[in-house]
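As a plain string of letters, each chain reads:
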Amino acid sequence: MYWGKVISAFFIIMALTTGVGFIYAASSYELIIATAMNLIATTLKLGSRSRYGPEILATSFAADLHLIPAVYIYFVSGDAKSAQGLVLGSVVANIISLIFVIIGYIRSDEEM
Amino acid sequence: MDKFKEKNSRHGPLVDWSEVLNSLARFIQWRRPRLDIEPSDELVQILKKLRPPIVILIMILTTGTIGYMAIDDYEPLDALYMTVITIATVGFGEMGTASSGGRIFTICLIFLGIGAFGYSTGLIISIFSDGVLLKILGERFMIKSIAFMENHFIICGINETAREIVRQFSKKKIPFVVVDDTAEFDRRRGELSIKYYIKGPPFKDDSLKKAHISTARGVITTSQNDNDNFAIVVSVKILLEKLKNPKASIISLARNAENKEKLYKIGASHVITPYIIAGQRALSYAVKPEASYFIDDIVYNTEIDLDIEEMLIDDSLLHLTGKPLLNTDLKDHRIKVIAIKRGKNIDTEITGNTTIKKDDALIVIGRVQNFRGYLKKYKSKQV
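Protein sequences, first through last, are from chains D and P. Just so you know, the first sequence maps onto residues 1 to 112 in this note's numbering. Just so you know, the second sequence maps onto residues 1001 to 1383 in this note's numbering.
For reference, chain D alone in the conformation it holds in the complex (with noise of 0.2 Å):
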């Protein structure tokens, strides 16, 4: 098993769930568990030359970028609705994410 992957797959996956976990209940927690984990999830991809490593990171920030304004305006302004929008925004940047990252696993199962 290549532990790299799991482990990169696991914050991909772990900022959509808790994305959604916050668009259904609005929890500060899962906020910041999100923002935290999309930013660790960015981070792995830095450098990376797998198939498709550049796509995957550009959606990573892609979702940065909603979520580190979703916690600004959450906390701040504390308007829970646009937090939620911005939210919203990162879950899908993620989806697509995690669709480049199986499309590569597919891809390079068919190669081996």
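Simulated from the structure, these hints should not be mistaken for lab results. Note that this is a predicted model, so its numbers are computed, not measured. Careful, some of the hints might be misleading.
[As the list claims (entries may be wrong)] With a cut-off of at most 25 Å between alpha-carbon atoms, the simulated BS3-like pairs for lysine-lysine come out as follows:
no., chain 1, residue 1, chain 2, residue 2
1, P, Lys1358, P, Lys1344
2, P, Lys1341, P, Lys1247
3, P, Lys1331, P, Lys1357
4, P, Lys1341, P, Lys1358
5, P, Lys1049, D, Lys5
6, D, Lys5, P, Lys1048
Go by the hints and put chain P onto chain D.
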């Protein structure tokens, strides 16, 4: 207005927009050039080194923030602030009343956090401060900038002879890349304001590929040691064949006259023996000084707007072939043909009725601006 038009038509437009756009494209690297060699994965390795400290920092900050929020009901911003001042050992004091649970959590955070924080920040600072990252980024940018070049020369090594070549190329605005790995290269590069360079041994394939040898017009090696020249000529010859650039010439210096023939045999296009050239020049100045100075001025003096150039009749200049010279548009650009090289023969008896054939090399004399304008007009049409 007419005068303005006349000036523009003679010297080209005041702003060459295609050149401006090309420069912009080069700067933002919009047009991705075809590289002879992929950049090394040193940058990837450095970025990989950055991963653990950043992940550790994010984890500590998240754990601390959530811990203070859950245990002591801190506001998220207060909890983050409390975490930062705790692990950074600032010790500004607690943000509110701390419960027993909160104090135990702070003790754990101090023990785990300070070490991890110190390790992470130390590693990040060392990666950025040792200059390796900047060096790698600089080299990647240089390789990509060079990859946009075409018809450039590669100068291998920078000694006194190469310095003069660099000066002449700079004056005549001929594109070139210098490849050198000597200790004093940085100083010399600064003195000569060399824009494009590769730091590496000139006989290594990687260095020559970084200098984009596949689109080069020629490679010049001027080492004082003939063995170095042999090594470079062989490497360049093999690489040019591999990268399918047979038109590029290889110009080498030979200190020893008997090495001249050997250098030709292993693939050099032109071999220069300094003693022979110096002797011939001395004779020329002794017998016909004024004619020698005149030719020197035309060829080397950039203050005189007159130059002798070589014009190869390729596909872009086919309109010149098959008709008397008098009926071509060369005279409209005030370009005078003084000789035609056809195969190994040189025809110097040029009249208005002389006809030009494909693959001829015309030796022409004319104003630099006119010559460049003429070539640009037909080369750009071909593109």
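Going down the list of hints, with the structure as the test:
1. Lys1358/P - Lys1344/P: holds (15 Å)
2. Lys1341/P - Lys1247/P: holds (17 Å)
3. Lys1331/P - Lys1357/P: This hinted pair holds, its Cα atoms lying about 18 Å apart.
4. Lys1341/P - Lys1358/P: holds (11 Å)
5. Lys1049/P - Lys5/D: Judged against 25 Å, a Cα distance of about 17 Å means the pair holds.
6. Lys5/D - Lys1048/P: At roughly 14 Å apart (the allowed maximum being 25 Å), Lys1048/P and Lys5/D satisfy the hint.
Of the numbered hints given earlier, the model fails none.
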